[in-house]
Structures are given as C-alpha cells and as structure tokens.
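A.B. asks: One line per chain: the protein sequences are Z and W, in this order.
With the working numbering, letter number 492 in the first sequence gets 714, and the count goes up by one each step, no holes.
With the working numbering, letter number 65 in the second sequence gets 66, and the count goes up by one each step, no holes.
The set of hints was computed from the structure by calculation and includes no laboratory data.
The reader is advised that the hints may include incorrect statements.
What the hints assert, rightly or not - Result set (SDA-like, lysine to any residue): computed pairs, CA atoms no more than 20 Å apart in a straight line: (1) W:K3 - W:L103; (2) Z:K240 - W:R147; (3) Z:K264 - W:L34; (4) Z:K240 - W:F42; (5) W:K35 - Z:N237.
Claimed, not checked - Over the 10 Å line for every Cβ pair with chain Z, so calculated as not near, a few chain W residues: (6) L13; (7) G14; (8) F42; (9) P44; (10) E91; (11) K117; (12) E130; (13) P140.
Quick reminder that beta carbons are idealized off the backbone N, C-alpha and C, glycines included.
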Amino acid sequence: MPIGLITPSFIVERNENKCIQCQVCVRQCANEVHWFDEETQKVFAEDANCVNCHRCVTLCPTSTLLVRKNPLEFRENSNWREDIIRSIYLQAESGGILLAGMGNDQPYPVYWDKLLLNASQVTNPSIDPLREPMELKTFLGRKPETLTIKNGKLHSSLPPQLELEIPVMFSAMSFGSISLNAIKSLAQAAQEVGTYYNTGEGGLHRDLYAFGANTIVQVASGRFGVHPDYLNAGAAIEIKIGQGAKPGIGGHLPGQKVGKAVSETRMIPEGSDALSPAPHHDIYSIEDLRQLIFSLKEATEYTKPVSVKIAAVHNVAAIASGIARAGADIIAIDGFRGGTGATPLRIRDHVGLPIEFALAAVDSRLRQEGIRNQVSIVVAGSIRHSADVVKAIALGADAVYIASSALIALGCHMCQKCYTGKCNWGIATQEPSLVKRLNPQIGARRAANLLRAWKHEIKEMLGGMGINALESLRGNRLMLRGIGLTDRELSILGVSAAGE
Amino acid sequence: MKRVYVNPEFCLGCKLCEIHCIAAHSKHRNNVLKAFKETRFRPVSRVIVEGDNLNSFAVQCRHCDEMFCAKACITGALQKDPKTGAVAIEESRCVGCWTCVLACPFGAVFRHYGEKKYAVKCDLCGGEESDPACVKHCPNEALVLRE
C-alpha cells in the first residue's frame, strides 16, 4: 500500500508520572486509540485514531491524559489552509464525499453575538423575578383573527395549541441518528420541564409512547415510521422539508445502524439503508404542501397543530409566507449552523443562511402581510445559551429549538464524528456497548437542569428589561441594539445600532 | 439491610469501581494516584467487574443471610454484624487458609498478600453517612446502595 499522507489531527499526551496503567482509557475508547502492551505492561496511544472526544480524559481516575491539537504545521498559507489540504488528501484516498457531523464550524459571523439586550434604569423599573411573578408560558399554534367573549369567558374555540412552560424545545433528532437512551433522556426532560421533544424522522419507539403528550412527531421525505398511531401519539406533527445542516439534500442512515429496534420503529428491513429523498416526492409546490398539511390534519381530526420545518435559505421569507398560507400552524426555521448526525461537509459549511437574518426576514414579512398571527415561528440552528433565546424572542421568534446544546448537556464534546457511529458518549451511536454508556436517568436530569437554568436566566434578563411576561418581548426589537453591524445588516435585522 | 446493587444495563465495564475500591482501602485513602504509585502492598479490589464492554456487571459481597463464607471459616474470623447485617472479616483472626474464598458462591472474597496474608471483602466502606467508594465513583450510576 502506498504511503498515506494524512497525519494525526490530535496527539494524546500521557503523563507517565501519573498513569497507573489501569486501562480505563483502553476500555472506554471506541476508536481504539489506547492499547495495553503486555510485554512492557504499559498503555500506549495511537494518535491517528483520536477524534478528541475527551472520553478518556474525563474518565481517567488520575487526570493523566491530555489531548492536544497536533502542533505539526504546514507552511503558513492563508489560502491553502490546513483543513483544506487535509481534505484533499482524504478525498484523494477515498474518492468520496467528505462527511461531517454537528453544525457548521466555519468562522462566519455569529449575529447573536452582535446583538445587545436592553435593561431598565431610573425611568422604568426593573423587576426582580425572585420577588415578583414572571411569565414564560408560550402557546404555539395558529391564533384566531378575533375572539368572542361571553359572560367574561372565552366563547370562541381556539385552534389547537402547544403549551410550553419555557420557550425552548428539543429539536428533531431521529432514533437512528441518536441512541434510544439519548431520546429517552430528552423525552423525560421535556416531560419534567413542560416542553416538547421531536422524534425526527426516525419514528416513535414503543417505549416513547408514554411521552406522547410531550412529543412532536415528524413526517419527513422518507416517511419512516409514519402510521396512524404515530400521528395520533404526538402533541403536534411536523413536516420536515429541510434541515439547516443540509439544506436541499435528503438523509442517509447507513444500514449498519438499522438494528432490530431501529428497523421496527422505522418500519424498514433490518440492515437496510434508510434513504430520505431530497424532496418529498409528493410536494412540488405550496399547493402540494397544503395538501399534505391538511391530510395530516384530517388524519388527526384537526386536534393537533401542524408544523413545517425548513432550512433557512435565500428566499426564506417568501417561502415562509407560502407555508403560512398553506395552512401550517407553526413554521420551524433551521439556520445554517444547525447540527446533524451526518452531512456532506461542503454543504454543511457553505449552504444556507444565518438564522438571525432568516428569523428577522420571516417575522417582518409575515407582519407586513398581516398573517403573523396565523403561524408561530420556531427557530433553530445553534441556540447556545439563554441570551440567544431572549434575543431570538425579541427578534420575533415564538420559541426556539435546541439540539446541540441539549446533546452537550448529555455529554457530547462536539468532536463532530457523529457519522462514524462510534460516539464514545453513547449519543450518536447504535452500538449496544456504547449506547449503554448514557444512562437516561442521568441524561434526563442533566437536560432538565439545563432548561431550568435557562429559565432562571431568561427571567433575570426579562426582569432587567422591566418585562414580566415573555409575550411582551416577542418581536420587541426595540430591546435589541446591533454592534459592529453594517447599515444593511441592521436594516435586515430591523434593529437600531448600539447608541441610537 | 443496604447492599450495593449493580444495574448491568448501565455497567460500562470501565472498572473504575475496582480502582476506587483499591484507593479507598489503601493507606492513602481515596487518593488513587498515591494508592497506586506509592503503596508497597497495594490492596486488592473488593469488587470485581465480570464481562466485557457489552455485557458487564460489578460483583461484591452480597452480605448473605446464609453465610457460606462464615460457615467455612476455620477460625471464626467472619461474622455478621447483628445490628447492620453486614458480614465482616476480623483480619487478626484470619489465618489465610482461603476456605472462604472457595466457599463464596459469588466469588466475592479476595486474597490479600501483605506483611500478613488475609482474606478481604466488601466492607461497605462509606459507613453510614456516605456511599461506598465504588458507588460514589461509578460514572454511569450503575452501582447503587439501597435496601
């Protein structure tokens, strides 16, 4: 075999003074980095296999391990950067499409970081959320044009709504792309905190029907696992048109991940590749989309809101307007930083729009057209912390979806190797020996804690602005100021510059 | 009585329980590094992980009501604490004949070779206030101390 040109990305440093040769690292690394040499009775590392997931570092009982970026450098070149040279070597060897996991990691501007929130001083009082009630409750779904009230009570009937205690939901991640234990963790956390998780297009495992009231069931182009019980089990139905990490392309769950449970849940033969087509083959227009929306509504007797999820792409505002007119109750928009279990690298890093712009454009457009009340807007695509949530709400979102943050809460270390199926943290894998590493009791506790912590922080930020109900912040762009943005960017975002 | 139970569904086979058990019973209590690097007679683990990464479980003394180890003991070194129900070895009385090691149906009694040789087994090391070292350090909460 000719010489390979790919040098290790990371090097594993072992402090020999501290290593007790206990081999926990050997037993825990699914990438077979660490190995024990019987002859010398010592543990060694194969740097080339390391993906820097920190599993060994975290479990090492004597903190003896350190994973570093390989300091080996190519000659400095701002054009031919290391990652570009490496990917050419890789493709020269494989002849294949480069794959990646998680979201876009390129240094595009993060517009959340260029938006600042307001606070009250002197002329209007701020509110202390520990002393005064603070309302975060959010309803997602179509809001009627008018309400009739008789004898002080609501007389008109409302379209179906999702009721959220915190405007944060767990985004779509399928059984197949992530493990059942990971889904169970999120489902239980959603139930505890009073929000929703989303099945993705992986169907609903029989163990998860118990969490139906907190489940959004997805209908995607592959239609995997869709049957009447599935549609009726959830609180809402989501039609997945696109995903921020791979706008315009379908999905591919490799056959080796389709074990017995995945095959039963997806209703496909064991070991077969689960291919989701790029488009829905019955949707080629807004009219076609309307037909599917109403088919699903009919199938569930108009008791559940129907959401349509799209990736943020150039013409997103017009598309969203069409979706609203097609009868969707919720529009979910996934920005170009949204994560995934597997996507072609070049698509992940080069296709789509920042969610901040997409949100501002869609919210403005729907308001201009007077149809903003007809749909709720949920945004996704790298909501990293509670301040991102607050900024998204102020920009016009009704709620947000989180996935990467939720997985990080479960133990993900963002090594971006989800597509290998060898997730050492038991999240993006179907290998039973790895799946068992995520105890759903621990996972649920951690995911619920994250939401509770964000809830406290959101209340603090609202209180600081003198607002006691999230509803008063929704679309209130006066609470935002842009920093380091051009006039054009400010006008698209619809916010004033800092100091204005 | 409270015993350590393992949930094999979540036991990773990482053997951190064994490592922390050794540290907890060394001269350098709970200091893994010193326990392994500096102790001349390193204690043996009182818990043992059977199996591989896929199917594994940790076993330690079940503190049985019908004590095969105590019945087999030729010196009466193995006794059940009437108050707590825990089975304990009195090291000074143990002569190191290993009959209890043979008799234990769980393989949960181990041989300690030091200046003196004697049998060792799980002593529920946390005491009344805290969890045993194995339970405390199980990264996946597969080990629990419960009734």
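A.B. asks: Each of the hints needs a verdict: does it hold here or not?
C.D. replies: Hints, verified against the model:
{"no.": "1", "hint": "W:K3 - W:L103", "result": "25 Å, violated"}
{"no.": "2", "hint": "Z:K240 - W:R147", "result": "34 Å, violated"}
{"no.": "3", "hint": "Z:K264 - W:L34", "result": "16 Å, holds"}
{"no.": "4", "hint": "Z:K240 - W:F42", "result": "18 Å, holds"}
{"no.": "5", "hint": "W:K35 - Z:N237", "result": "15 Å, holds"}
{"no.": "6", "hint": "L13", "result": "6 Å, violated"}
{"no.": "7", "hint": "G14", "result": "6 Å, violated"}
{"no.": "8", "hint": "F42", "result": "16 Å, holds"}
{"no.": "9", "hint": "P44", "result": "14 Å, holds"}
{"no.": "10", "hint": "E91", "result": "30 Å, holds"}
{"no.": "11", "hint": "K117", "result": "25 Å, holds"}
{"no.": "12", "hint": "E130", "result": "23 Å, holds"}
{"no.": "13", "hint": "P140", "result": "6 Å, violated"}
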